[in-house]
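Colleague: Residues per chain, in single letters:
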Amino acid sequence: MADLANLDLSDTEVHKFQADLDEILGHIARLNEIDTANVEPMAQVLYAAADTATWRGDRECPPLGTDVALANAPQAGGGYFKVPKVIER
Amino acid sequence: MDFPSLTIGRIREGLLGHSFSAVELAREALQFAEAQNPSTNAYLRFAPERALAAAARVDQQIARGEEPGPLAGVPIAVKDVILTQGVRTTCGSKLLAEYVPPYDATAIVRLERAGGVILGKTNCDEFAMGSSNENSAFGPVRNPLAPDRVPGGSSGGSAAAVAQGTAALALGSDTGGSIRQPASFCGVVGVTPTYGRVSRYGLTAFASSLDHIGPLARTVRDAAVLLGAIAGRDPLDATSAEAPVPEYTQALDGNVKGMKLGLPREYLKDLTSETGDLIAAGVETLRQLGCQVREISLPATDYAIACYYVIATAEASSNLARYDGVRYTFRSRDSGTLSDMYRHTRGEGFGAECKRRIMLGTYVLSAGYYDAYYLKAQKVRALIAQDFARAFEEVDAIVAPVSPFPAFKLGEKIDDPLQMYLSDIYTITGSLAGIPCMSVPCGNTAGGLPVGMQILARHFDEPSMFRLADAFERAGPVN
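Here the protein sequences come in this chain order: E and X. 1 is the number of the first residue of the first sequence in this note's numbering; add one for each residue after it. 90 is the number of the first residue of the second sequence in this note's numbering; add one for each residue after it.
Mixed in with the good hints, there may be bad ones.
Mimicking BS3-like on lysine-lysine, the simulated pairs with C-alpha atoms at most 25 Å apart in a straight line are [said to hold, decoys possible]:
| hint | chain 1 | residue 1 | chain 2 | residue 2 |
| --- | --- | --- | --- | --- |
| 1 | E | K82 | X | K183 |
| 2 | E | K16 | X | K498 |
| 3 | X | K358 | X | K498 |
| 4 | X | K183 | E | K16 |
| 5 | E | K16 | X | K358 |
| 6 | X | K502 | X | K358 |
| 7 | X | K502 | X | K183 |
Derived from the structure by calculation, the hints contain no laboratory data. This structure is a prediction, so every number in the text was calculated from the model and none was measured.
My request is simple: use the sequences and hints to build the entire structure.
Modeller: Below, the structure is given as structure tokens:
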């Protein structure tokens, strides 16, 4: 799971999290006790509104701008976010 | 200035009667908050320039004879998961220790437009994940009423600031109880509005189908005024609701005679005896006010924690994927390759609770487990929502405890995540259903620890919720 989630963990962390997650998943297993045969899954809280209620007007809005958007980048250059080399030649 | 008893009404009186100016008040409030802060660690940083500029605008309005906004001059603390342009916003995380947002959250824009004065940013559990505020990368917050105890979480700093008087009002965020539980632990009012009532534009996402922004205050009236100022449709948040925003203060008429209230039996079995006694006394007060209280059943409650910790962690694992060392300030020094950068940045940057939830969320969404966990949890969520819908056919509001127990000791539960999760049982159900819910002070334990009573209402029926809470507040604490 740590690999899938791109988390580098220490051995101590692996040990502790294994125990924690086992216990939590043990509790979550109780979901199997409840009958949900004819129940539609609820992905979002819904309330009565027109289908178009969430549409925005087609108006021009000023974007943040490159400099502002890059201001928090750990490494930026030439108007881009910079990352370590992905492909070695 | 007696900061711990300041209300919106008193500030307004003082400003319009020229007893003090907004700038004078802001200066004094900052001084008081900075002096008090070391005892609680409620604020992570102050924003004096922004506060004084906002206060100066209010003074100019008054000088010009204009009607100042409903929050004119009111010192407000903002949880550090809500973006403030130019003022560092860390989410209680090492990962965002240096992050300076390029824009304001909509709630911030509205709050300042209403005349509010933002004093600073408050401490919280990392990315709002926790029930004790002990998961902050910048140290825990102490409960101002009992320094060896937690203030609750994750909006612990906001609740502590309001309780201590270092802010008159605060903004918090609530995903599974993060406004109501700290409000209960610190003896203040905390409101989780209907899902979609307040725009989340600029609220750092934790679990998008559950996240709310809401007020913390010392009185129900003040909470209602703050909610009125920030609520309403926002084109920048597609989940914000179109429904018109009522004038909430008009509901504070004390007229609760004949109101039908439900007391869910599933919420009364795991209480510590003192909390149970106080809630029972609170219910008796409501009866004396003329409410008709009946026992109701919300049978899916027993599955709520399991349901929540699948849905919230699934959404969190996805929302927190963006903290990868590319865009948000922190990158591990050990970033030789792209993959190293991701793994080490996240491994070094996230605290234990975030890592646990990211892994749990990744697991429940992973191939082969999706149906068994995530889809199943969404179905159980529907059952929980149906429980409430059925109950509201019979009653106008539901009253319940907020937490099974009052504020616990620092360190008491931090090593046992499941025990910590289980303490959210009474707040999580309302969050899953998306209904408005709040904590209003009920009374104190023999040891002087506050206990909050929770009031839950139908979608968008904040007025009934406030009416009941206000009448209860006026009747006085039960002991």
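Colleague: Next, verify each hint and record whether it holds.
Modeller: Status of the hints after comparison with the structure:
Under the criterion of a C-alpha separation no larger than 25 Å, the hint pairing K82 of chain E with K183 of chain X is consistent with the structure, at around 21 Å. Among the hinted pairs, K16 of chain E with K498 of chain X is consistent with the structure: their alpha-carbon atoms are about 22 Å apart, no more than 25 Å. The suggested pairing of K358 of chain X with K498 of chain X holds, with an alpha-carbon distance near 23 Å, which does not exceed 25 Å. For the suggested pair K183 of chain X and K16 of chain E, the alpha carbons sit about 21 Å apart, so the restraint of at most 25 Å is met.
Proximity of K16 of chain E to K358 of chain X is assessed by CA-CA distance (about 31 Å); at most 25 Å being required, the pair is judged violated. A distance of roughly 21 Å separates the Cα atoms of K502 of chain X and K358 of chain X; the hinted pair therefore holds under the 25 Å criterion. Taking the CA atoms of K502 of chain X and K183 of chain X, the gap is near 22 Å; set against the 25 Å cutoff, the hint holds.
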